[in-house]
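**Student:** Sequence:
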Amino acid sequence: MMLSILLMVMDHRFHQTETLRSVLSTLTYPIQRLAELPGDVGGWLAERFKSRSRLERENLQLRRENLELKAELQQLASLQAENERLRDLLGSAYKIGNRVLVAELSAMDLDPFRQQVVIDKGSASGVYAGQAVLDARAVMGQVIHVSPLRATVLLITDAHHALPVQVLRNGLRTIAVGTGRIDRLELPYLPNNADIRPNDLLVTSGLGGKFPPGYPVARVAEVKRLPGKPFARVTATPLAQLDRAREVLLVWEVKPPAVQPEKPKRPQEGASSSPEPEAP
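For the sequence shown, the numbering used here begins at 1 and goes up steadily by one.
In short, the hints are calculated from the structure, not lab data. Among the clues, some could well be false.
Unchecked claim - Derived CB-CB ranges, DEER-like:
(1) Pro198 with Leu62: 30 to 40 Å
(2) Gly130 with Gly228: 37 to 47 Å
(3) Arg225 with Val41: 23 to 33 Å
(4) Arg244 with Lys210: 21 to 31 Å
(5) Gly228 with Ser53: 54 to 64 Å
(6) Leu69 with Pro191: 50 to 60 Å
(7) Val41 with Leu79: 11 to 21 Å
(8) Ser53 with Phe113: 41 to 51 Å
Where is the CB? At the ideal position from N, CA and C, for every residue including glycine.
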């Protein structure tokens, strides 16, 4: 019992067992893959025996979605060009796009008290603890543990997770806190007179340095202003498909290169430092 307590304290306070955990995770990787093999085989067989009509419907739906995405991409290119022109007018540097890596969910975490998933990319692919994770719609969570071949992702709806966000409509900043429910977030620190409404879009604010700014997170579902209470009760619905997504995106924020200030030119030898008087 004393040894167990000592190991827990060393792991929680001093992180002395990270190397041992990473080694054990690598050694048990073949066993985990073997345990997941029946489910993978079953999914492969189900995909192979789909009916022709279902495949045709899915193909038609994908074509429509592809057409819509192409139309949105054309608008996005125009908005990016306009944004670059505005940044040039304001004298600010142009922000380079973020680098992403596609990973696949390989398992759900076994801890029943935390909402976590396991992905099939690890430190061998450059994944690091604290990295932002998204799906095709919005922010999903962040990496909390990394082994060479796998990583554990804490979802934004976990009760121990908090994410700095802002209202896209007016820039109001707040914190989105997980509730332990897969379909609900809370914004607990907004006063009753805060300018927030149902259906407002919440995006990452970039504060804290964990998540790049501007990524969608959730949409406000309900705002209750409580008389006599300092804060309103605000709930939001995550936009990411936390319980259905199979592929995720790992994000590296690429920062623009720092602009070096120009050094003043030294006057040439023999040149006068004072301006010459103009001829009459």
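**Student:** Are the hints correct? Go through all of them and say.
**Tutor:** Hint check results:
1. In this structure, Pro198 and Leu62 meet the distance hint of 30 to 40 Å, their C-beta atoms being roughly 32 Å apart.
2. Checked against the given bound of 37 to 47 Å, the beta carbons of Gly130 and Gly228, roughly 39 Å apart, stay inside it.
3. Evaluation of the 23 to 33 Å hint for Arg225 and Val41 yields a failure: the beta carbon distance comes to about 54 Å.
4. With their beta carbons about 24 Å apart, Arg244 and Lys210 fall inside the hinted range of 21 to 31 Å.
5. A hinted range of 54 to 64 Å holds for the C-beta pair Gly228 and Ser53, which are about 59 Å apart.
6. In this structure the hint that Leu69 and Pro191 lie 50 to 60 Å apart at CB is violated, the actual value being about 39 Å.
7. With their beta carbons about 45 Å apart, Val41 and Leu79 fall outside the hinted range of 11 to 21 Å.
8. Checked against the hint of 41 to 51 Å, the C-beta distance between Ser53 and Phe113 comes to roughly 43 Å, which is consistent with it.
Comparing the model with each earlier hint shows violations of hints 3, 6, 7; every other hint is respected.
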